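Using the supplied hints, reconstruct the complex from the two chains, each of which is provided in its own coordinate frame.
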Amino acid sequence: MDDDRRGPQLPPARGPLSAAVTAHLLDTGPLPRPADAGAADPYGDDLQLALYLCYELHYRGWAGVAAGREWDPDLLRVRAALEDRFLTALRADTPGHGSLDEALGELLVEPVDGSGVSHYLRDEGELWQLREYAAQRSLYHLKEADPHAWVLPRLWGRAKAAMAAVEFDEYGGGRAARVHARLFADLMTDLGLDTTYGRYLDAASAEVLATVNMMSLFGLHRSLRGALVGHFAAVEITSSPGSRRLAEAMRRTGAGRAAEFFYDEHVEADAVHEQVVRHEVIAGLLEEEPHLAADVAFGIDATGFLEDRLGGRLLADWRAGRSSLRVPLASAETVPAS
Amino acid sequence: MPNEPSESAEDARRAPARRITMQRQGPILVDGPVEVELEDGTTVASDRWRVALCTCRRSRRYPWCDTSHRKRV
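Same order as they appear, the protein sequences are chains A and B.
Once you know that position 143 of the first sequence is 143 in our numbering, the rest is easy, because the numbers rise by one and skip nothing.
Once you know that position 22 of the second sequence is 1022 in our numbering, the rest is easy, because the numbers rise by one and skip nothing.
The following block holds chain B by itself, in its conformation from the complex (with noise of 0.2 Å):
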């Protein structure tokens, strides 16, 4: 029976919205590669295909997640 492809190539040409996963708890999941602009004006670049912002700014490689938000106990 004739059937539509999950995604068209049409589909994949036309560049949907960019999806960020949020959590309450964690980091921020990105699609890469990103640029990321800081505070004091300099900029950072991770070209793996997905990427983990830290929210907590308790990271140490800031603003890459480096799971300094666990629970600590």
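If we strip away everything but chain A, and leave its shape as in the complex, we get (with noise of 0.2 Å):
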């Protein structure tokens, strides 16, 4: 048996379309028409899940689906229908900038008067909701760098050496215990919650499936090599300053040692990288293949587009005094890890 016995559980279904990819994966019925695909909410729970389902064959599988279904031709035209249908409503909702150069500076500049996620935890976020907030995000940080890991063969010269060294330093720097999923994992534990890998899976929103989707579309298609450096760059350069009040957030809240230390390596760990990635892989990556700035900057402004959307789902949710969630978290996990 070539099942993945270690994999995460398959989740439930959100609609017909992750329903039936469902059932595919465990020949338990049909796949869905390409051209249902067409027909669905690009952005809802459906696609994401459906989409979700099939990227989570290149990272850890699922348990008790066979390994080889990775390379299915028939899962893989379904998949390559749930993309477009992502992908184009990607490009039409990000009619982005008049150039790369403006889409960084916009990120370089910071508000005075911030309104997002981090600033408001960091002045008035209560501890269940960094719960949640790390529950959401740890579809993301528990495979923290996979995505951007597929990027690496696609790129050559000072490109790759500068982002081999920053991913090298996502990974740990060959410590284990400085592996940066790891360190969240260390997060999850202060605040009482299940490291299991895709544990909280069906409680994610879709807003957080598309995010982690557009990492894995852009990683696992080389003719997306410049949307995914982008994309990094994105992420690296906002990431200091949104991880200085989350760790501000932690530390007024009482999170706990490690929830704290997991964002403070990440201001100053990413005040580096955000240096290396606009230096040396987009400067190297454009040396080599000028051709590619516009993808970076789309890149760069699909990342923000989907960020503000589960920011404004986030602050809708909480200010409303509702759960974020789509499933609470468990009263066993709400004991805090002593």
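Treat the hints as calculated values from the structure; they're not laboratory data.
Among the hints, erroneous ones may be present.
Incomplete in silico selection of chain B near chain A, CB under 10 Å [what the hints assert, rightly or not]: (1) GLY1026; (2) THR1055; (3) SER1059; (4) THR1067; (5) LYS1071; (6) VAL1073.
Keep in mind it's a predicted model, so treat the numbers as computed, not measured.
Even for Gly, the Cβ is constructed at its ideal location relative to N, Cα and C.
Below is the structure:
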């Protein structure tokens, strides 16, 4: 048997597309027709979960699903239709900047009166909201840097050397205890969350799935290497000030030392990564392939667009006193780890 | 056709001068690990492969850059 026994459990479906992909993975039913993808909401729960189900086969797979499904041609055909719907919407919804310099310049300015999620959590976030934030973000942070590693064979020279150096740092510089995904698991333990990979997939909103699916989409397609680099730059450039605010939120609420450390580490590390990504990865890539400048800008804009949608959703729920999760955190997890 | 390696083993052993990247706006970048002596006589260390040193003196994690040099609008 080559079933992935240790992979995460398949989550409940969120509509006909994700139900059909699940059924196909379990050999219990037919795939959706590629045309079905064309009618779905490109950012909705159903399409985003269906895409997530396809992509996870490239990371850790699913419990009880054959590892070989990663390269199942019928499934890949459906995935391509889902990706096309998602990517077309992203391109349409990010009219974008006139130039890459403009897109980067905007990221490098810090708003005095910022009103994003990290500002909210720093100023008035409560512990339950920090826990929800960590549960939502765990979909990415428990595989932090993995979607970006796929771009390495698609780069060369300066861009490859610098990208590999940043990824090496993300992976703990050769020390397992410093792998960023591990640091995030430690943060989750401080917050009394379950660190099992995939544990909060069912609870995560469509907006979070879209942010992670975008990384997988950009990472898995060589044709989108410029967008992947732009996306990565946007994450690294905005991470440092955002992480400082989240570290302050963790300190103010007494979340715990590991929770503070995760964000403190990102303040310093990403102040370096930002410089390396701009001066070496982007500059190196464009030296070799100047025609990719528009794609780099698209990666930046798409990241901003999806992060804004996620932030808007989280703040709307929290300001109304509602949970942002589809499934509330179980009571067993509300006991902080001692 | 015979060729020379881009960087020979001897080049690598010769430990070239440490390269520091300066910018008008932003930190000084230097290859780590580094030890930094501060005015008050204390020493702080970083073992990152690349280190960003604050030059605007606004960093709350001085001497390390925390992006506080950015323009605020």
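query: Was the hint right that B/THR1067 lines chain A, CB cutoff 10 Å?
result: holds, 4 Å
query: Does B/THR1055 pass the interface check with chain A, least Cβ-Cβ distance below 10 Å?
result: violated, 12 Å
task: Have a go at the B/VAL1073 hint: is there a Cβ in chain A nearer than 10 Å to its own Cβ?
output: Status holds, d = 5 Å.
message: Is the interface hint satisfied for B/GLY1026? The criterion is a beta-carbon contact with chain A at less than 10 Å.
response: At about 7 Å, which falls below the 10 Å cut-off, the nearest Cβ of chain A leaves the hint on B/GLY1026 intact, so it holds.
query: Given B/SER1059 as an interface hint, is the shortest Cβ-Cβ distance to chain A below 10 Å?
result: Because about 9 Å separates B/SER1059 from the closest Cβ in chain A, which is inside the 10 Å limit, the hint holds.
Restraint satisfaction for B/LYS1071 [CB to CB of chain A, less than 10 Å]: holds, 5 Å
In this structure, only the earlier hint numbered 2 is contradicted, and the remaining ones agree with it.
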